[in-house]
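Chains as they are written, first to last, in my numbering: chain V, 1 to 113; chain U, 1 to 113; chain C, 1 to 113; chain S, 1 to 113; chain L, 1 to 113; chain Y, 1 to 113.
No lab work stands behind these hints, which were simulated from the structure alone.
Treat each hint with caution, since some may be false.
Put simply, identical chains are the same to the list, so a pair is met inside one copy or across any two.
[As the list claims (entries may be wrong)] Straight-line C-alpha distance at most 27 Å; calculated BS3-like pairs for lysine-lysine:
no.	residue 1	residue 2
1	Lys-56	Lys-91
2	Lys-56	Lys-32
3	Lys-32	Lys-91
Number of protein chains: 6
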Amino acid sequence: MQGIVEDALNEAGFETAIAPSAEDAVTLLKGKVMNYRAFVADINLRGRMTGWDVAKQARQIESEFPVVYMTGAAADDWASHGVPNSILLVKPFSPAQLVTAVSQLLNTATPNS
Amino acid sequence: MQGIVEDALNEAGFETAIAPSAEDAVTLLKGKVMNYRAFVADINLRGRMTGWDVAKQARQIESEFPVVYMTGAAADDWASHGVPNSILLVKPFSPAQLVTAVSQLLNTATPNS
Amino acid sequence: MQGIVEDALNEAGFETAIAPSAEDAVTLLKGKVMNYRAFVADINLRGRMTGWDVAKQARQIESEFPVVYMTGAAADDWASHGVPNSILLVKPFSPAQLVTAVSQLLNTATPNS
Amino acid sequence: MQGIVEDALNEAGFETAIAPSAEDAVTLLKGKVMNYRAFVADINLRGRMTGWDVAKQARQIESEFPVVYMTGAAADDWASHGVPNSILLVKPFSPAQLVTAVSQLLNTATPNS
Amino acid sequence: MQGIVEDALNEAGFETAIAPSAEDAVTLLKGKVMNYRAFVADINLRGRMTGWDVAKQARQIESEFPVVYMTGAAADDWASHGVPNSILLVKPFSPAQLVTAVSQLLNTATPNS
Amino acid sequence: MQGIVEDALNEAGFETAIAPSAEDAVTLLKGKVMNYRAFVADINLRGRMTGWDVAKQARQIESEFPVVYMTGAAADDWASHGVPNSILLVKPFSPAQLVTAVSQLLNTATPNS
Numbered sequence: 001m002q003g004i005v006e007d008a009l010n011e012a013g014f015e016t017a018i019a020p021s022a023e024d025a026v027t028l029l030k031g032k033v034m035n036y037r038a039f040v041a042d043i044n045l046r047g048r049m050t051g052w053d054v055a056k057q058a059r060q061i062e063s064e065f066p067v068v069y070m071t072g073a074a075a076d077d078w079a080s081h082g083v084p085n086s087i088l089l090v091k092p093f094s095p096a097q098l099v100t101a102v103s104q105l106l107n108t109a110t111p112n113s
Numbered sequence: 001m002q003g004i005v006e007d008a009l010n011e012a013g014f015e016t017a018i019a020p021s022a023e024d025a026v027t028l029l030k031g032k033v034m035n036y037r038a039f040v041a042d043i044n045l046r047g048r049m050t051g052w053d054v055a056k057q058a059r060q061i062e063s064e065f066p067v068v069y070m071t072g073a074a075a076d077d078w079a080s081h082g083v084p085n086s087i088l089l090v091k092p093f094s095p096a097q098l099v100t101a102v103s104q105l106l107n108t109a110t111p112n113s
Numbered sequence: 001m002q003g004i005v006e007d008a009l010n011e012a013g014f015e016t017a018i019a020p021s022a023e024d025a026v027t028l029l030k031g032k033v034m035n036y037r038a039f040v041a042d043i044n045l046r047g048r049m050t051g052w053d054v055a056k057q058a059r060q061i062e063s064e065f066p067v068v069y070m071t072g073a074a075a076d077d078w079a080s081h082g083v084p085n086s087i088l089l090v091k092p093f094s095p096a097q098l099v100t101a102v103s104q105l106l107n108t109a110t111p112n113s
Numbered sequence: 001m002q003g004i005v006e007d008a009l010n011e012a013g014f015e016t017a018i019a020p021s022a023e024d025a026v027t028l029l030k031g032k033v034m035n036y037r038a039f040v041a042d043i044n045l046r047g048r049m050t051g052w053d054v055a056k057q058a059r060q061i062e063s064e065f066p067v068v069y070m071t072g073a074a075a076d077d078w079a080s081h082g083v084p085n086s087i088l089l090v091k092p093f094s095p096a097q098l099v100t101a102v103s104q105l106l107n108t109a110t111p112n113s
Numbered sequence: 001m002q003g004i005v006e007d008a009l010n011e012a013g014f015e016t017a018i019a020p021s022a023e024d025a026v027t028l029l030k031g032k033v034m035n036y037r038a039f040v041a042d043i044n045l046r047g048r049m050t051g052w053d054v055a056k057q058a059r060q061i062e063s064e065f066p067v068v069y070m071t072g073a074a075a076d077d078w079a080s081h082g083v084p085n086s087i088l089l090v091k092p093f094s095p096a097q098l099v100t101a102v103s104q105l106l107n108t109a110t111p112n113s
Numbered sequence: 001m002q003g004i005v006e007d008a009l010n011e012a013g014f015e016t017a018i019a020p021s022a023e024d025a026v027t028l029l030k031g032k033v034m035n036y037r038a039f040v041a042d043i044n045l046r047g048r049m050t051g052w053d054v055a056k057q058a059r060q061i062e063s064e065f066p067v068v069y070m071t072g073a074a075a076d077d078w079a080s081h082g083v084p085n086s087i088l089l090v091k092p093f094s095p096a097q098l099v100t101a102v103s104q105l106l107n108t109a110t111p112n113s
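Please put together the full structure from these sequences, using the hints given.
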């Protein structure tokens with residue numbers, strides 16, 4: 001799964017950084033080592049946090065941060081656990097859906113945020 | 001505040017039920033005593049739960065339930081604590097903003113949900 | 001019902017013309033006696049046509065004509081019988097929902113259409 | 001035309017099933033042999049039904065089913081014959097427009113529908 | 001005209017400040033004497049600037065400032081002279097359209113801007 | 001930069017015409033040598049006009065013409081200088097963002113405009 005996501009984003013011209021666990025994702029986002037532009041999250045992650053939790057933390061750092069969730073089993077939970085203005089991709093989805101989701105969110109972000 | 005909200009909704013033709021605490025709001029929503037159509041929530045509530053918590057519970061009962069939050073101090077938290085497809089009204093707001101918010105959410109809800 | 005709809009629209013500042021049957025509605029729209037700006041339609045009408053049929057005819061005359069449907073029983077049919085960019089109000093609805101629906105459609109119509 | 005559409009969708013990671021006639025398309029959708037996710041329709045089809053008719057039938061089976069129409073001559077008819085929340089592609093269109101249209105509709109569909 | 005606009009907004013619960021000329025409107029917006037929340041503009045104004053010009057200046061001060069234009073003759077110009085995410089009301093319009101326009105723009109503004 | 005934009009659009013199936021200066025872009029759009037479908041504009045152009053100016057002229061010729069701006073330094077100016085219903089791509093952006101932006105605008109354009 002992770003390889004497919006990475007390939008789809010790279011072929012579309014996005015650079016990707018993979019966090020091995022939820023805690024690492026939060027650390028990366030807080031450290032801003034690179035200038036991250038969007039967060040693509042699996043719901044079930046290694047570690048104690050879910051993708052829902054990481055997205056909330058990302059939004060506390062930057063309130064308009066683009067968020068795309070990918071899930072199979074947990075689709076029903078998006079309406080209660082997802083953040084506003086996020087997109088949910090229900091597995092199985094095509095690479096084009098992922099690329100369009102990220103692009104749509106980046107293209108509607110306000111320019112000076 | 002509660003009186004203004006109630007008056008604005010009643011004058012617009014909506015019937016309202018007031019929950020004295022967050023826990024009561026959840027009980028009302030679960031009991032479906034009446035057929036509730038939308039949830040208008042203050043963030044700071046009596047009891048241990050916040051408006052963010054009650055909205056999440058409402059969405060777990062019905063995934064497309066319309067949610068409007070009203071807040072003064074906690075506006076920044078909407079991006080991380082709000083549910084998808086909700087509206088945030090930052091105090092002070094006009095009665096018309098509240099009525100428009102509820103109407104917009106009801107009018108875009110899918111008809112057969 | 002018709003009186004409530006008329007009152008709500010008139011109080012909001014809209015002038016209304018009531019068609020006694022579906023066929024009359026089509027005749028009024030085609031005749032352009034007044035410059036109609038939007039069509040608010042009940043689904044079950046006197047005559048052989050439904051509100052779905054009249055809306056289709058209105059859109060053939062003017063392709064971006066704002067359309068609001070009001071229905072109790074036929075809500076499920078909107079997804080297959082409604083026209084694009086229309087709004088469905090499921091009965092019972094408040095006067096404010098109707099006024100907001102008409103206003104939203106008028107406000108997003110392109111200015112030079 | 002059919003080959004270009006199929007190639008564009010396949011390259012984007014979507015699997016496609018081609019219905020040789022409008023009647024076959026309805027049969028396929030009703031049979032749910034595979035789990036169809038969206039309907040991409042030419043307006044002028046073999047058989048007695050048009051693409052408008054097939055889309056209406058698809059929506060009667062599943063009210064939020066994503067629909068994309070492709071047309072050259074019949075573009076004006078979308079406003080009266082199209083279903084709500086559908087997309088019209090006017091020929092000639094690029095493969096990217098088709099892929100984006102399908103992806104947009106899939107990405108905005110509610111997760112638990 | 002000005003009286004109708006003022007009455008409609010006041011009845012909806014908004015406080016209004018009237019600028020006697022375009023130049024005064026810019027001065028008021030820059031001075032932030034009160035905390036202005038939205039700008040409702042006629043296109044043809046006293047002084048040398050148009051409503052299009054004042055709106056551009058308002059957006060340079062605050063990039064997400066809600067803007068509603070009101071016009072009779074100049075509707076075609078909105079597509080080239082209007083600012084992004086603004087609403088155009090073509091005269092004659094109802095008080096409800098104006099109130100809905102202002103409310104919609106306020107309700108979709110990001111909370112922490 | 002120009003080569004990357006051209007490649008991205010061509011690979012997505014769009015034909016492109018490059019205008020060597022702002023004045024040439026206006027001439028091309030007015031001449032309608034080909035049937036242009038969208039305008040992708042850099043802000044800083046050779047000649048005396050900016051991309052903001054050319055887009056305004058394009059919209060005066062055709063009021064719903066799709067416009068995508070690309071900018072690095074001038075992102076803040078979009079809210080005051082951009083035209084309604086345009087998309088701003090802030091550099092650096094990926095080819096997929098550009099293709100999605102153009103496709104989104106083409107797909108939401110009304111069919112009979």
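Query raised in the report: Which earlier hints can't be squared with this structure?
Result: Violated: none.
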